[in-house]
Amino acid sequence: MKNTNRSSGPSSGRVNTGRCSPADRDCATGSHARRKTCVGARGSGRRHDREQQPHPSEVGRMSLLNRHALRFFRQTCFPVTLLTGDIEFSFHDSDSFPWDTHPLHQFHAQYRARFSEGSRAFLGRSGAAIVFSSWVEHGRLVIDELRWEWKLTAGDAVAYDVVTMPDWRGKGIYPAALRRLSGLLAEEGVRHLWIYSEEENDASIRGIRKAGFEDHGVINAVHVAGLTRRSGVVKGVNA
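Quick note, the sequence shown lines up with residues 0 to 238 if you use numbering that gives the first Met the number 0.
The reader is advised that the hints may include incorrect statements.
[To be verified] Cut-off 30 Å, straight-line C-alpha distance, at most; resulting in silico cross-link-like pairs (DSSO-like, lysine-lysine):
id : residue 1 : residue 2
1  : Lys209    : Lys170
2  : Lys209    : Lys150
3  : Lys150    : Lys234
4  : Lys209    : Lys234
[Claimed, not checked] Here are the simulated distance ranges between beta carbons:
id : residue 1 : residue 2 : range
5  : Arg66     : Trp98     : 32 to 38 Å
6  : Gly216    : Arg124    : 30 to 36 Å
7  : Asp166    : Ala224    : 40 to 46 Å
8  : Arg66     : Ala127    : 24 to 30 Å
9  : Arg124    : Asn219    : 33 to 39 Å
10 : Ser230    : Gly171    : 32 to 38 Å
11 : Val223    : Leu151    : 27 to 33 Å
12 : Ser230    : Gly126    : 42 to 48 Å
13 : Leu226    : Arg124    : 43 to 49 Å
14 : Arg111    : Asn219    : 30 to 36 Å
15 : Thr75     : Arg139    : 17 to 23 Å
16 : Arg124    : Asp214    : 29 to 35 Å
17 : Arg111    : Arg139    : 44 to 50 Å
No lab work stands behind these hints, which were simulated from the structure alone.
These figures come from a predicted structure and were not determined experimentally.
Think of the CB as a built atom: it goes at the ideal place given N, C-alpha and C, for glycine as much as any other residue.
The whole structure should be built from the sequences, with the hints applied where relevant.
As structure tokens, this is what we get:
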């Protein structure tokens with residue numbers, strides 16, 4: 000991929016931010032698809048006393064400059080039989096999606112838009128409880144943090160907006176779900192499964208590596224006054 004690129008804004012299409020939802024810091028891509036499904040910006044909702052409020056000049060700088068660093072991982076898909084305890088994993092379209100019981104109700108409008116564009120949900124259940132939620136795309140994905148439309152190679156897929164529900168974290172569900180997803184995609188003929196995470200999301204990156212994904216590099220993006228400069232190299236990705 001090119002080392003630098005400028006654009007005035009994101010391309011149209013499915014959007015994935017790579018950012019975790021307010022409910023999860025374990026997500027890989029985090030992320031949503033406007034992914035956009037999880038949109039919990041760091042520090043959002045934070046209160047300031049009058050004495051603590053930033054100087055107006057600092058506010059101006061923050062509004063003009065925005066930085067992101069996303070680390071990309073890839074795994075070759077192989078059909079496998081995995082024991083996942085009492086967690087049942089499955090794909091869902093709009094008709095089979097558990098609208099009434101999915102915990103992230105605030106994102107349902109975005110989920111409907113994703114389904115209309117061909118994305119699938121991949122969920123994990125323990126009994127009636129949804130413990131894991133993610134999305135899978137095979138064609139193209141607009142990554143909001145990078146303001147970049149990713150056109151996936153034929154035969155590849157990407158997992159995004161990956162969330163382990165709060166009460167179920169720390170039980171190894173995240174890497175188990177990614178391994179199961181990779182195996183099911185292999186049965187459909189998918190060659191590679193991609194996933195990415197905000198560089199500072201250590202919990203997500205640990206889970207991705209535990210699932211057997213290989214590190215393919217980092218893309219950095221700096222947004223200044225409506226322009227975007229991207230840098231970095233990811234093996235197997237052209238940008």
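Cross-check of the supplied hints:
{"no.": "1", "hint": "Lys209 <-> Lys170", "result": "holds, 13 Å"}
{"no.": "2", "hint": "Lys209 <-> Lys150", "result": "holds, 27 Å"}
{"no.": "3", "hint": "Lys150 <-> Lys234", "result": "holds, 14 Å"}
{"no.": "4", "hint": "Lys209 <-> Lys234", "result": "holds, 20 Å"}
{"no.": "5", "hint": "Arg66 <-> Trp98: 32 to 38 Å", "result": "holds, 36 Å"}
{"no.": "6", "hint": "Gly216 <-> Arg124: 30 to 36 Å", "result": "holds, 34 Å"}
{"no.": "7", "hint": "Asp166 <-> Ala224: 40 to 46 Å", "result": "holds, 42 Å"}
{"no.": "8", "hint": "Arg66 <-> Ala127: 24 to 30 Å", "result": "violated, 41 Å"}
{"no.": "9", "hint": "Arg124 <-> Asn219: 33 to 39 Å", "result": "holds, 37 Å"}
{"no.": "10", "hint": "Ser230 <-> Gly171: 32 to 38 Å", "result": "holds, 35 Å"}
{"no.": "11", "hint": "Val223 <-> Leu151: 27 to 33 Å", "result": "holds, 28 Å"}
{"no.": "12", "hint": "Ser230 <-> Gly126: 42 to 48 Å", "result": "holds, 46 Å"}
{"no.": "13", "hint": "Leu226 <-> Arg124: 43 to 49 Å", "result": "holds, 44 Å"}
{"no.": "14", "hint": "Arg111 <-> Asn219: 30 to 36 Å", "result": "holds, 32 Å"}
{"no.": "15", "hint": "Thr75 <-> Arg139: 17 to 23 Å", "result": "holds, 21 Å"}
{"no.": "16", "hint": "Arg124 <-> Asp214: 29 to 35 Å", "result": "holds, 30 Å"}
{"no.": "17", "hint": "Arg111 <-> Arg139: 44 to 50 Å", "result": "violated, 19 Å"}
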